[in-house]
Amino acid sequence: MIRFVLRRLLAAIPIGVIVTLGVFALVFAMPGDPLRELAGDKPIPAAVLAAKRAQFHLDEPFLVQYLLSMKDILTGNFGTTFAGADIADQLRLRIPVTLKLTLLANAVQWTLGLIFGIYAGFKRNGLIDRSLLLVTLVLLAVPGLVAYFAAQFVFGVQLKWFPVSGVLEGFPNSYLLPALVIGVLGFAGLARLMRTSIVETVNADFVKTARAKGLGEQRVLWRHILPNALLPVVTFIGLDLAGMFGGAIITESIFNLPGLGQFMFQAIKLKEGGVVVLLSTLAFLSFIVINLLVDLLYGILDPRVRHV
Amino acid sequence: MSDVQAVVSAEAQELGDGRTLSNRELLRALLRKPQFVLCSLLLLVFFAMAAVPKVFTSADPRFCELSKSRHSREPGHPFGFDIQGCDYFANVVYGARPSVLVSICASFGVFILAGTFGLLAGYFPGFVDALISRTADVLFAVPGLVVLIVILNSVPNRSIWIIVGVILLIGWPGGMRLMRSTVFSVRNREYVLAARSIGVPPLRILRKHVFPNAMAPLLAMTTLGIGGMVGLEAALTFLGVGLQPPSISWGSQFGVAASYRDTPHLFLWPALFISTMTISFMIIGDSIRDALDPKLLR
Amino acid sequence: MTTGEVLLKVENLSVEFDTPRGAVRAVDGVSWQVRAGETLAILGESGSGKSVSTQALTGILEMPPGRIVSGTAEYRGADLIAMTTKERRRIVGDRITMVFQDSLSALNPVQSVGTQIAECYRVHRGMSKRDALKRAAEMLDQVRIPAAAKRARDYPHEFSGGMRQRVMLAMALALDPDVLIADEPTTALDVTVQAQILELIAELQAERDMGVVLITHDLGVVSDVADNVVVMYAGHVVERASTAAALDRPVHPYTEGLLGSMPSADLKGQELPTIPGTPPSLRAIPSGCAFRPRCPIAIGDCAHDVPPLLTVAPGRDAACIRRTTLLEREAG
Amino acid sequence: MALDPPAERRFAEEVGPTVRRLTGVVGVALGLSLVLASCGDGKSSGSGSGDGARSTVIAIAAEPLEYINPLNENGSPGIQVAMAMFAPLVTTDPNTGKLLNVMADSVTPDKNSQTWTIKLKPGNTFQNGQPLTAKDYVDSWNLTAQGSTAWKNNGFFSKIEGYDALNPETPDGATPKPTAVKALSGLKQVDDLTFTVKLKVPFSQFGLTLQYFGLAPLPEEVRKDPDAYKRKPIGNGPYKLAADWNAGDDIKLAKWDGYKQTAPDADAITFRFIPNADTAYNEFQAGTVDFVGVPSTKIKSFKDDAPDQWVTSVSSGANYLTLPAWDERFKNPKLRHAFSMAIDRKAYADLVGLAEPAKALVAPDMVGYRADACKYCDFDAAKAKQLLAEAGGFSGPVNINYSTTSATGQIFAEALGNMIRQNLGLEVKYTGKQGSEITELADTRKLDGLRFSGWGHDYPSIEDYLTPMFKSTGDANFSGYSNPKLDQVLAQGDAQPDPDAAIKLYQQAEDIALEDMPLIPLITKSDAFLHSAKIEPRVSKYVGVSALWATFK
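Protein chains in written order, with this note's numbering: chain B, 91 to 398; chain F, 214 to 511; chain W, 1115 to 1446; chain G, 2 to 554.
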């Protein structure tokens, strides 16, 4: 097991290097001068620009800039953004926001998705199942933008059930509306997957065996079908979680949640290679770690793929 | 987009060991489903709009009178006017082309790329597999939207082809994984072994034996994913990296109109068209999936 | 020692499937019975309805799309089909148990085999977890699995095919059932293992005075272990006889054909004769006698009516209008 | 900068990048005051406005500030906050437009306006209790003028003698080293409350520029270690931080007792940063903020959304379509006139909202403005076509650049593009880029095609429109325009001591520019703001809309 983990982590290193280098190169190749971006349309004295350029190593060649950024990241010495924000502060501030949002959204998504998916899968072709299929189709077809704007306007501005935006009311109030929207939009996928998985599993031979053993329906469902049907769902949930440090750029922007997504978007606009790479590294690390955890969990759930 | 993709791939994965239908059988099975027929007709209408918009409207979408900006409908202008005072119906009709092109080309391109790479990776374990899979890992690990934004911000001219290209770049790994795992299950089947033993060259085996038997799940995933592409295009406009005028597309129409709450017709129509097209694609994807499902064939 | 009591008696069982293209009759008016200590073989090609009939009467058939149209299946006089699910569950899994063909997919992949066997004791006997597990290990030992106590903690994929089939057997026999329905229990195994398993079943059957219903497409298996045989074709019983009699003098041309295509020492060096044609799809069963298109002795009348199952000799039934008595075989 | 609606960056860029000048003292003050002052309302939904009735929550549609340091701040969000926490030397009287002293007791130029003597009022202190002295100003300004400090208001001091010694030319890209010289030779402390400023050349408007909030003094402890104080500024103005201010938090201010000058009404002010302007607008509608700028997408609907709760600023400044002088295809003035006359300014102004068609190159509220200055600014499609034909047509598509940072950039670009296409029969294409990228391309003369631009004066004179944008060496001459004759007329105007005579000369220069038309005048526009029922923002035709100085009902 330890060997498995180590092997996976070692394999991640070259990928991490390529990811960070690639992202840095992309940002580096973006047209325009990063510092001018910072200044908006206002002329900035040459001396000020030069001083800033030196401070952020923008006068160095590409590879040196990249290595300096990586050094900063690896030594935990994040420095400041072009605008002067302490990056470590920003992370301390923003990671919890993104975590709260994604976890709450995922909780909504999982709860709804699992409940409806399991129910629909068990009562296949029933009323609930058919409605679920229809509703999920519609949900999957609604562009996220529509949903976010509509929800903010209806539930925030008009009905005043939720705060319109921001995080002032803290957790969970401020996060409820965006998390609900993300969760409801996302539940469609999970519910369909769960349902499909159950339908597939119901037909498996071992379910026949279980029935032939004279087990009650409930026991067959919960002890035999569900543990097997959950396996692909675990993978899906893992992928979902692994992507969470990417942040929800659009949701965070519309609901004014100061999370990693907005930070990333801002950094891209300002061409802050260092920040973009730092955030990409974070996203990458969480991707690797969560994937690893999911694989380990999967190994526990499914003895066939145990990693020794 | 990624959500839909993940679900679809997981859903489709179950088909991996399914037996394959002949095309005619598949078509016959599909035509028996009314929802499939209805959605196909709808899509045909959309495709026709994309191909020959003139048939649907005689108005010039680019004839605009600013004084009519955002007016609601009037005789001869069933959808009213857009912000520029152009006939909105004509604009929505003409908007079909980029939307359909982006969604179809991106999906089809992803299908081709993912299919090819998946075939290669699944059939040639070792170096080829490692190369392709590790590349996919890299792309998986970077948030897709970030790559989209960065690249689209960098290119001098955002045409639909650029947008399609970037979607291809970040879209293929998901399908590749699916294809690869399907190929794994097919590559040791008797007919493949037989072909190999009589010395059929590998590429021919891939083309004639492996691909036809392994493509069903990827195909289902692709059809289910097509609709999401239009929504993605709208999101790009919101983020300031969408299509530029004079291109007219549902995504950019919606993206631009989203802020104008007081004239709801501006976003209702494109949103309706986007959703209808998306749902149609999904139902068709569902139908194909069901038709391919061996459990229902018994 | 066998009491010879009739344990399970199936009468006129018909099962249909609802498909998008209309109902399909998979089992049509099937009757058979099995006594304590007896091994009854149900012989047929795939699609002949042999598995469906047993799955229907035990209630494990997916219903819908499956549907029992008519018939009874009496276990010691109580009709399983008319029973409520709850009542049936007290018998199926306890008094009547089943073994399936593909043991890898028939065992729950995420539970250890011990747990799966123990579940029988827990559900039907209400035993504690620990006791149940202990009994499960004993059961594994009885089916000759080495180091049974240790292996009980292993998962299905960690066993070889033969060992896994023994696990299935252990599970089926855990509660000392009266009737064991073995659905192609050895098909996926190689010949030596197959023989071991059949031998094991026979041994355990003798110990327990159990009725065994052996579903198979393999005439060789039938000849080795079955006392009586029921031959099915396209959902119908076409012949019913003691194994010895059927092998010796088959009445129905289908049985005859099967027998002819069995490899044997006599035919060494010759091409193996086969039954021409393929079994019909259930969607398109020929009118009259379903075997007609492949039958060497078919006549025009065969197309008119489904041939009834007629007694052609004491203890021998066959459904063929050309051979309504045993003697006609010689004549035909 | 007046053009820059302080409320939000996106907003600012919506008609086109508005060029703002660092030195723009008046301009900055004008623009910023729009935003600054709002006072709160009692029902501000418990979302963190201070307690008590006289508190205000002001929405700022921008990313949260990272520090408060007026000297290193030239964006409106930062200056808005600085306006509450720091006090300027002088300010403009909102009622009369006259200059008023705040920290200064007197500001006196010498005969030729080259050396200025600034005397401070006695008794003022910083919020840490330390007295405010001339030394604080001199040292703060010297620190900022030092290039290696890299503070954004460095450029302001370039007019002062000795600036070049603190900012030596560095080879392109090289890092400026701290210079041996640490002080501007033109800056002299006379006594505790008096200092003098010697300019490189005479400049009669220098006194006006001193109201810029970017010139605020920093106390000694802050000057020694500015980084340590970036989140706990020590000001000399009416408000101080009410609580610890951490990254991303609202900025909560409370009235500071030690402030001895006239102070606004509010007891407490909260600045809340909401980067998405539409979201900020929604927050206002939900009643959680008291003051918000109306984003461009809501210009048509705000009066219905918040009846009786809106104010508009008096517009000042102008918006243009800039033609590239470096592109041969645009050389012919007739072609430029054709473009100008193909534009239906009335319809365009209606689309933008709160806007009027432009009829001159300078803002309508300037002395010297002539409503009939532009002979080519009336919409006449037939005439435009004819002029285009006379000019020999135009080859290739016309490219229109727009800023993607703004929600409406693309919409406005399309509107103009449609007019050019329909009225001139030319093919039009569009390029969306980030605002700064467009500026950079224009700066380096690489931009292809038209762009939007805007200008707000730094001091109320038509000269401040003509010199920066049309003089060959003008610092905002992004069109690359150069006409020696215009330069000459401008120079004559600068040398003319009689104001009326000078204006005549400047008007001549405007006529030359209109004939050549490097920029096509488009519209002048106002900004709108919403306020809660409890407050009434101060609206002044001289300094615009102020939330900071709102009165409570």
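Among the hints, erroneous ones may be present.
[Unchecked claim] Calculated pairs, DMTMM-like style, for lysine to aspartate or glutamate (alpha carbon to alpha carbon, straight line, at most 20 Å):
#: 1; chain 1: B; residue 1: 142; chain 2: G; residue 2: 222
#: 2; chain 1: B; residue 1: 142; chain 2: G; residue 2: 226
#: 3; chain 1: G; residue 1: 189; chain 2: G; residue 2: 106
#: 4; chain 1: G; residue 1: 233; chain 2: B; residue 2: 392
#: 5; chain 1: F; residue 1: 281; chain 2: G; residue 2: 381
#: 6; chain 1: G; residue 1: 136; chain 2: G; residue 2: 266
#: 7; chain 1: W; residue 1: 1248; chain 2: W; residue 2: 1216
Hints were generated in silico from the structure; no laboratory data involved.
Verification of the hints:
Taking the CA atoms of residue 142(B) and residue 222(G), the gap is near 24 Å; set against the 20 Å cutoff, the hint is violated. Between residue 142(B) and residue 226(G), the direct Cα distance comes to roughly 18 Å. Compliance with the 20 Å bound is thereby established for this hinted pair. For a cut-off of 20 Å, the pair hint linking residue 189(G) to residue 106(G) stands: about 17 Å separates their Cα positions. The straight-line distance between the Cα atoms of residue 233(G) and residue 392(B) is roughly 56 Å, outside the 20 Å bound, and the hint therefore fails.
Between residue 281(F) and residue 381(G), the direct Cα distance comes to roughly 19 Å. Compliance with the 20 Å bound is thereby established for this hinted pair. This hinted pair does not check out: residue 136(G) and residue 266(G) have alpha carbons roughly 31 Å apart, beyond 20 Å. For the hint linking residue 1248(W) to residue 1216(W), the alpha-carbon distance of about 26 Å lies beyond 20 Å, and the restraint is violated.
The structure fails hints 1, 4, 6, 7 (numbered hints given earlier, in ascending order).
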